[in-house]
Amino acid sequence: MIIKRIHIDNFGKFSNYDLDLDNEFTVLYGKNEDGKSTLMAFIQMMFYGYKGRVRDISRNPRKRYMPWNGQEMKGFIEFEALGANYRLERSFGLSNTTDKISAWNLDKGEQVNLPRSKDPGQVYFQMDADAFDKSVFIGQSGSIICDEEGSGEITNRLLNLVTTGKEDISHKKVEQRLQVAQEAMVSRSKSKGTLVDQRNKLAQLQSQKYVAEQDELDKAAILDKINHMAVERNSLEQEKKQLEESIRIFDLLNEKSAYEEALKQKTILTNLIITQKQRKAELLREGIVLDQTYLANTDKLINDLERLERSEREANSELDNAEISRASLLETKIQAIPAGTVDSLKAQQKSSHELQLRMNARQEEIDRVEAFLALEKELNDLRSELQELNREYGLADQNAKAQADINREQNGAIALSRDLLRKSRQHTTDIQRDIYGTEASLAGFKTAKQSLTETYEGRIEYTREGLAEASKPKEVQVETVAGKVIGAPLVVAVLIMGASIALGITVDPLLYLLALVAIIPLFRALRPAPPRLIRKTQIDNQLIEQLTEKLEQQQDEYATKLTQAQEEITKSQQALDSLKALFEQATAKDKETESAIELKSLSVKAAENDYNEQLRQRERTATLKESLEKQIAIKTDKQKEFQVLTETNSEAPVRPTELNETLEHLRYEQKDDEIAKNQIKSTLVANIEELGAVDLDQLYELDRAWHLHNEKLKNQHETVEKSLSKVKQISEQHNSVYKDLLETVSYFKQVSDKQSAQDALDLLRGLLIDVEHSEIAIKTYSEKQSNLEKSHSADELKIQVNKLQHDIDQLAPEGLPQSIDEKQLEAVRANISVLRATIAEQGEQIASQEASMREKYRQKKNISQIENEIEQVRAILAKQEDDYAALLEASKVLEESFAELQKNFGPLVNDKTAEIFSHLTDGKYDKVKVSRNFDIMIEDSEDNRLREWSFLSSGTVDQAYLSLRMAIAELVTAEHESLPLLLDDVFSQYDDERALHGLKFMAQYRFTKNPPLQILLFTCHLRIRHWAENELTDVQVKTIV
Amino acid sequence: MRHIKILHCADLHLGSELSDIPIRAQERKQELLRTFRKIVTICNDENVDLLLIAGDLFEGSNIDPQTVQSVKDYLHELDHTITVIAPGNHDYVSIDSPLADDDWPEQTIVLGDGPQRAIFADRGFAIYGAGFRSTYVDQPLLPQLPEADLDLINICVLHGDLVSEGGTSRYNPVTERQLAASGYDYVALGHIHKRSPVYKVSQTSYAYPGCPDGRGFDELDEKGVYIGTVGKHNVDLTFRNICSRMYLAVEADISDCSSEPEIVRTIISRLEELYGSEYKNNYYKIILLGSVSENFTLPLQTIQDNLNERLYFAKLIDNTRIAIDLEEVATENSLKGIFVRKMMERIEEQTANDNLPGANQLTKALEWGLRAFESEVQLIDY
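Order-wise, the sequence lines are chains L and W.
Under the numbering used here, the first residue of the first sequence carries the number 1, and numbering increases by one thereafter.
Under the numbering used here, the first residue of the second sequence carries the number 1042, and numbering increases by one thereafter.
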């Protein structure tokens, strides 16, 4: 296959680009960014498109090579393949399916139908995109060598390429994938996996089925047992039925007797009820029921009547006793005290007592007045003393104030003197400061004068030296004007002019033109000449004059300024002397003032001491005065207390003179009262003795005894009256109750007295007891009623008796059977009861068996259900077994294939790689061993030692890589038509020698194929281009622009 | 001539656990019960004289009591129809069987006590039949049944396995000779889940109606009952589809698809084309066929999930092949080339020996081997 033309409408940076190619070794040179990679990508994309959907632009060529001009991505490639010329056109869409692809057979001029499922590359290169990428398209090894996985990875990648056709998928990977699938079905331990699960499931189901079969047998057995029990139960039921029939007639007779008895009882009860009704009707009078209540009421009336009779007797007895007691009291004699005597004596004793109280009060008042008068006297003494002290205090205070005035005046004078002294001192200090200032000014003036002298003397000296120097003669350069340059140039110009004229005349008129040459020297001759410098000796008078004038000026200025300075010094000195004199005067005055102040201060201190002593005296007087005032206050308070007490008797203030009169008056009254008291006491004693008593207390006792007797007599009269009243009241009540009793009893029977009433009531009581007894009998009969009596009326009972008699007649038309005794009958009944219990027990057993069976098998699947599941599992299992066998077969064949590959392909790779490698290394390494495990070893021809290739230099590794890639490409495409070899700067990592050698090898290598291979080497290295152009023949060089 | 109207159904297997459709199992159980209700409704609406249930009404004795109660309740609703239930190998009469209950409606006859006959002289027919009393019934029941009453229309209900003459079965073997000798006018059979036509031998007609609603992908397409009239020596029965949903196996060629949405579209349009507007309501097992690019790993789970969003139920089986030219690959000097070459040699050898299963297994091995070159091997989830 030969690529003949590449046309790019729009692809990446290319637009309307054409590249024509021949079946040659073509070096396609382009700098970085010229589009080398774009061109290679275009070739690959044209044949294979891009199936990925990677978003990363750098990894997705559809995005990476979007036309820069924004136009549709498209182009075509023309090539020769399979004996014909084709053009493959492609417009790129979003994916391979949306790409528009068309192929044309250019020889026939018709369109070729490409299969939809195949890429054009698969049709024309006869390999898929991966194989193309890794065989026909050989890149730089550097990109792989520099891979982070290291050079060891290259071995693996190449191994993969050889074995699986893809660098990234190894034989081991394929095997592993099959292994993973197998292990998903059957794990290595053979205990897990979908197939194992299914096998286990089948085994479990078969086991379940066995259990289900056993269950079914068990169920059948239990069912038989239950059926057997049911049969037995039926048999017992029959037996029971026969026994029940045999005792049926006896049961009927018994039943009939029961009905007859019930009928009899029912008749008795009915009669009792009728009789009772009649009795009750008789005891009903004028709407009043003569029952127990009625009887209780009449009994109560009789009880009340008897109680009243008892009360009446008791009241009469009480009346008799009261009358006897009253007669006894009337007979007793007691001494009487005249009325009012005791009260009169009591009044006398009371007035004597009141007189004594008044005398006591008066005596207290006399005592208080006497105390007040004594206090008044003490108070007057104290006031006189206080008055004396007040006078003393006033005198001391006056002296102290006068002394204070004097002291204040003297202190004022001292303060004034001190102020004057401070001011005077300030003035002295000012003078001293002026002295310092004047001294400083004087020193400054003196320094200024010294500086002035030095300055001006220096200047004057310098000016004098300048003047002396100016007076000396000096050599100087003078510039002069030189006029026009005429000399030599003019001569030359003339000579040239002359020669041109002469030659024009003699030789050729054209030579007159030489005269033009003369213009140059003539021009030089006629231009102005440059100025000249000349030297001469002279005295600068002007300078002398200037300097002389300056000297004079300086001397005048110096004299003036010196005079001014001296004047200022003199002035300063005078001022200084004056200030010093003033300072001395001021200092003397200050000392004098200080002495005077000191003297005055001593005098003031003595006066202050006196003043302080006077103050202390005044203070002591004040203390005494205060003490006296407190005493006066205390006594005054006591006196006020007295006044307060007396104020109740008199509103006017108490005066001592009045008090003395009062005291006298009180003492008289006291004496009068004493006499009166003694008279009353004598009268009282005489009266008591006259009434026969020793003292007043005994007289009181006699009076109290007389009054008590009178009181008792009065009470006894009242008691007699009350007893009379009570007897009368009871008698009235008795009559009323008696009347009620007779009336009440008359409802039952007419009576005239209490006894006849009681007899009538006893008769009624007897009647009521009969009624009660009948009631109890009815109740007893009612309670004792049998169920038959309760549920049947008498008529019904009669009907039932007749019916039973009829049944009995039916059962025994020929008369009753021979009766069996009760014992035998009971035995039959017991037998029936046992049978009934047995039947019930068997029924329960059957129900229990059925229930337990239902419970036991409730959740269990039956055989058919399990068989269905087994069927399903078997169907899946068969498929899975088939799948598993297929996987095992795939692994087995893969291993066999790999073994064959190792056997056949390995040596071919060895030989081919060794051949190419030997050429590339110029015979240095002529043997490459690719082991059965595809470990690559290289033998050095110099020492015949095998080395693993990854230990060689990087340049050698590159060569080995290229050798191996080319060998593989050759082998992979061995069955195909020769395909172009596209090399992507494969020598970029080589040194110059190796690169040149590699280039030469490629040029030769293409001729090892028939027809020769088309090789396209893309490079960005100038050295490759240079060698291709200069060192090799039969190599085309094209530049990618 | 007098006729009676019958509805013949069998093998409802109510209460089944449905392992094929785990996500829909519960709903499906309810649907099966609703299908039975539909049968009862038809009987009422169309005045059917006899409802014949020829065995396996229930999946087993272990089903939930609510299902049994529902069946009893539905049968109670029948006004005119007499129901005859012949217990089968799944619901044979045993002490724990729901058919052994004593509270079945009065108009329901459960043939649980050996060979039986029930005569309905006033309605002009007699019923014959016998139920299974264990899983296996090795001795044919049909010859044990009472003789036909020549004055009545004789209808027999049996659960049994139709076998050829001299054949055996553990599930009540029935032969044509027995059928012919029975003299019954119609023998309503059950046990086989696939419907048979109505056959006639001598004077006796017989048929299997199949199950009335599928329970898995082994019970495909339309399902239903036989309904029609039976007269003396003649029947007029037609099959009526009453299934709630169909189980369907559909093959879809996805050779031209290169993406998951494209595959889903292809499948949906295929189903629409086959089953019309109601296509969404069925259970589908979709077998993917055709060839796909070796670079395209089928996202089976995604496709299945996507289909299940659009269909009631779908399950995928991947039977696609890798789209490569085996002849061409076989010429490659690579591991893949050698592998293909060797595999093809073996397949040819098996084919030449007429060992089709062997050849198919090797074809599968070749396919999986090739897939392993491209991606992980995806096993089929049956």
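FYI, nobody ran anything at the bench for these hints, they're computed from the structure.
Treat the hints loosely; a few may be bogus.
[Stated by the list, open to error] Calculated cross-link-like contacts (lysine-lysine; reagent style DSBU-like; alpha-carbon spacing at most 30 Å):
| no. | chain 1 | residue 1 | chain 2 | residue 2 |
| --- | --- | --- | --- | --- |
| 1 | W | Lys1070 | L | Lys201 |
| 2 | W | Lys1326 | L | Lys201 |
| 3 | W | Lys1405 | L | Lys190 |
| 4 | W | Lys1046 | L | Lys879 |
Taking the hints in turn, this is what the structure says about them:
no., hint, result
1, W/Lys1070 <-> L/Lys201, "holds, 24 Å"
2, W/Lys1326 <-> L/Lys201, "holds, 23 Å"
3, W/Lys1405 <-> L/Lys190, "holds, 23 Å"
4, W/Lys1046 <-> L/Lys879, "violated, 46 Å"
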